[in-house]
Amino acid sequence: MRRPRSAAALALSALAAAFGLAPGLAPAPASAADCDGRLVEGPMILGGPVCVPVDPQRILVLDPTFSLGMGLELGLPLVGAPLVGMSDDALRARAEAAGVESIGAFVEPSLETVAALQPDLILGAGMLGETALAMASRIAPTVLIGAENWKDYYRILARATGRGAEAEAILAEYEARAQALRARVSRAPVSVLRITTWDFQVYLDSPRAYGPFLVLRDAGVVRPPFETAQGDETLRRPDWEELAGLSGETLLYIVGGANDSDTNGRLDEVLAHPLWRALPAVKAGRAHRVDAGTWMEFSGAASAHRVLDDVERYLLAAE
Amino acid sequence: MTAAGRASSGGRSRAGGAAVAAGLALLLALAALWSLRIGATEIPTRTLFAAVFSPDPDAHAHAVLRAVRLPRLLTGLIAGGALAAAGAIMQAATGNPLASPGLLGINAGAAFAVVCASILAPGAAMGTLVGWAFAGAAMAAAAVYAAGSAGRGGATSAKLALAGAILSAFIGSLTAAALIFDTGSLDAVRAWTVGSVEGRSPQAVAAAAPWAAAGLAAALIFSRQVTTLSLGAEVARQVGQNVLLWRALCAVAVVMLAGSAVALAGPIGFVGLMAPHAARLAVGTDFARLLPVAALGGAALVVGADAALRAGLPGRDVPVGVGMALLGAPAFIWFVRGRAGRRAGAAA
Numbered sequence: 001m002r003r004p005r006s007a008a009a010l011a012l013s014a015l016a017a018a019f020g021l022a023p024g025l026a027p028a029p030a031s032a033a034d035c036d037g038r039l040v041e042g043p044m045i046l047g048g049p050v051c052v053p054v055d056p057q058r059i060l061v062l063d064p065t066f067s068l069g070m071g072l073e074l075g076l077p078l079v080g081a082p083l084v085g086m087s088d089d090a091l092r093a094r095a096e097a098a099g100v101e102s103i104g105a106f107v108e109p110s111l112e113t114v115a116a117l118q119p120d121l122i123l124g125a126g127m128l129g130e131t132a133l134a135m136a137s138r139i140a141p142t143v144l145i146g147a148e149n150w151k152d153y154y155r156i157l158a159r160a161t162g163r164g165a166e167a168e169a170i171l172a173e174y175e176a177r178a179q180a181l182r183a184r185v186s187r188a189p190v191s192v193l194r195i196t197t198w199d200f201q202v203y204l205d206s207p208r209a210y211g212p213f214l215v216l217r218d219a220g221v222v223r224p225p226f227e228t229a230q231g232d233e234t235l236r237r238p239d240w241e242e243l244a245g246l247s248g249e250t251l252l253y254i255v256g257g258a259n260d261s262d263t264n265g266r267l268d269e270v271l272a273h274p275l276w277r278a279l280p281a282v283k284a285g286r287a288h289r290v291d292a293g294t295w296m297e298f299s300g301a302a303s304a305h306r307v308l309d310d311v312e313r314y315l316l317a318a319e
Numbered sequence: 001m002t003a004a005g006r007a008s009s010g011g012r013s014r015a016g017g018a019a020v021a022a023g024l025a026l027l028l029a030l031a032a033l034w035s036l037r038i039g040a041t042e043i044p045t046r047t048l049f050a051a052v053f054s055p056d057p058d059a060h061a062h063a064v065l066r067a068v069r070l071p072r073l074l075t076g077l078i079a080g081g082a083l084a085a086a087g088a089i090m091q092a093a094t095g096n097p098l099a100s101p102g103l104l105g106i107n108a109g110a111a112f113a114v115v116c117a118s119i120l121a122p123g124a125a126m127g128t129l130v131g132w133a134f135a136g137a138a139m140a141a142a143a144v145y146a147a148g149s150a151g152r153g154g155a156t157s158a159k160l161a162l163a164g165a166i167l168s169a170f171i172g173s174l175t176a177a178a179l180i181f182d183t184g185s186l187d188a189v190r191a192w193t194v195g196s197v198e199g200r201s202p203q204a205v206a207a208a209a210p211w212a213a214a215g216l217a218a219a220l221i222f223s224r225q226v227t228t229l230s231l232g233a234e235v236a237r238q239v240g241q242n243v244l245l246w247r248a249l250c251a252v253a254v255v256m257l258a259g260s261a262v263a264l265a266g267p268i269g270f271v272g273l274m275a276p277h278a279a280r281l282a283v284g285t286d287f288a289r290l291l292p293v294a295a296l297g298g299a300a301l302v303v304g305a306d307a308a309l310r311a312g313l314p315g316r317d318v319p320v321g322v323g324m325a326l327l328g329a330p331a332f333i334w335f336v337r338g339r340a341g342r343r344a345g346a347a348a
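Sequences listed follow chains A and B, in order. Sequential numbering of the first sequence, starting at 1, is according to the numbering used here. Sequential numbering of the second sequence, starting at 1, is according to the numbering used here.
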């Protein structure tokens with residue numbers, strides 16, 4: 001026999017559920033039989049197949065990088081994204097110009113704003129996890145994409161929103177440019193370093209590399225052995241002594257962005273350090289600062305083209 | 001422990017104290033050598049001396065030693081020695097065996113000053129932050145001392161401890177409030193909350209060293225007065241000491257020592273409490289012997305712990321403030337138990 005519940009209690013629990021306050025399980029995976037929209041499935045879809053509208057009109061994205069950038073490039077009707085605290089100002093400007101409302105910061109989105117925007121589809125990165133999936137699924141069908149490789153992510157996002165052909169055209173244009181550059185890029189090794197307030201980071205050359213570094217691979221840029229992955233690792237944090245491993249003839253360095261290393265004195269300290277000045281690229285005057293938004297908040301084909309711009313600017317063979 | 005008991009345990013021979021100090025100096029030299037040898041670049045001992053005495057600006061090993069390893073070693077030496085000496089003075093002057101430099105609000109003041117600096121003057125390099133931290137430590141100590149010495153009887157141990165705890169909490173919440181409004185300075189203040197000897201510039205070391213040296217020298221010169229003070233205010237007054245004056249001078253020495261150490265390396269815990277304890281167990285309460293032993297022991301502890309952490313966990317820079325208590329606490333318990341066991345054996 002069912003326990004009688006007052007209307008108020010029912011409304012409260014529905015409200016709590018809508019805002020993810022009640023502990024809930026991820027929704028049961030959809031199946032083709034009872035989906036009257038598009039069934040999004042595949043190994044990279046967190047939590048199994050999701051049934052989404054065929055022609056979504058109000059799409060909300062939960063990450064300000066891959067999902068936001070690619071969504072804008074594909075011309076999706078985006079209504080909301082976490083625009084607070086993102087360091088790619090150009091992308092934020094494009095999002096605001098396209099009428100995208102901010103739902104707060106990536107790590108702390110306002111679920112109330114998400115619900116108020118009444119999305120009919122929510123997209124995000126798989127790293128958000130099962131909890132976010134369960135919460136967001138109570139508001140609208142939610143597709144969290146677990147692909148690491150930015151091109152895989154692009155294709156899955158495009159298929160989930162019926163923009164597969166557009167995505168292929170955008171990616172083909174990128175591939176053509178990268179292939180053309182391959183012939184002109186210098187074969188001398190290139191070092192890339194991120195300087196944060198508290199450490200140094202080297203994104204390693206590997207098939208699993210983060211977006212900009214996959215673009216470097218596509219363009220045929222060679223990295224020194226120290227910056228090449230030996231196993232599963234994708235990131236190395238050298239100390240001052242290990243910095244000598246950055247033996248590239250050219251050095252691209254990234255400062256600022258999500259941290260204040262460009263304004264808090266850290267950059268000046270690094271640039272004045274004897275071990276920085278001892279790096280071969282620095283000695284040769286071939287150390288170039290590159291944009292943190294492009295290199296650390298990679299968000300699709302536009303970012304990839306900006307990386308290729310840097311390749312053209314700094315890494316071509318002498319003719 | 002009564003004053004008489006303390007005096008008797010302090011009645012150890014001068015030669016014994018010298019032997020302990022010489023042993024610790026040797027230990028410190030070995031720890032320093034070890035510290036200079038550890039790192040990603042293999043550097044033979046021969047090159048160490050060449051890098052110091054005949055540096056070659058183009059040799060990578062020399063640059064590593066002069067720009068990375070020597071500043072790190074010196075930071076550890078200064079911070080360890082100064083914090084231990086400051087702790088020894090605090091414990092003697094207040095008669096409180098649990099006193100440590102943090103009691104005067106020095107850690108809280110330094111952290112608050114660094115946060116203020118990064119808000120008021122963003123872009124300040126680590127080298128200039130040392131000055132801010134020192135000023136903050138000195139002001140906090142002055143405030144604690146003023147609050148603790150108000151009323152009858154001047155700065156008694158209990159009043160100082162209370163004032164220190166209250167003002168540390170007050171300044172700590174100011175720091176937390178400032179950090180809420182300016183998240184960017186969180187990174188800057190991190191170095192002043194855990195205590196680390198990594199990445200200090202030679203300029204920062206040079207800025208802090210004179211203060212620590214002056215504080216140590218002053219404490220050595222006044223060691224007879226500090227010993228008298230450590231017998232308790234009543235005894236000190238009976239032998240004609242101006243207790244208020246000497247307590248204030250002790251506080252100044254503590255600010256110079258702990259202030260410079262905290263400004264340079266952050267509040268490395270444990271060493272300021274434990275090194276003077278161990279020194280007292282080893283050589284007794286005569287401050288002229290206790291102070292050098294505590295300072296040498298503190299320096300050896302920090303330098304050795306930092307070297308051990310780097311050797312044991314290569315590639316992961318664990319702040320020495322985090323690792324030292326982990327390594328030091330068991331060693332200290334073993335040491336105290338050993339002494340207590342022997343003393344019990346001797347009494348039986």
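Each hint should be verified, as a subset may be incorrect.
[Claimed, not checked] Okay, the calculated bits of chain B under chain A, using three or more residues with CB under 8 Å as the criterion: (1) 34-48; (2) 65-72.
[To be verified] Here are a few chain A residues that face chain B, going by a calculated C-beta distance under 8 Å: (3) G146; (4) A147; (5) E148; (6) N149; (7) D152; (8) W240; (9) E241; (10) A244; (11) N264; (12) E269; (13) V270.
[Claimed, not checked] DEER-style ranges, computed between Cβ atoms: (14) G48/A x A329/B: 26 to 36 Å; (15) P210/B x H305/A: 50 to 60 Å; (16) G315/B x H305/A: 49 to 59 Å.
Source of the hints: derived by calculation from the structure; they are not laboratory data. Just so you know, even glycine gets a beta-carbon here, dropped at the ideal spot from N, CA and C.
| field | Structure versus earlier hints, numbers of those that do not hold, lowest first | value | Violated hints: 3, 4, 5, 6, 7, 13, 14 and 16; rest satisfied.
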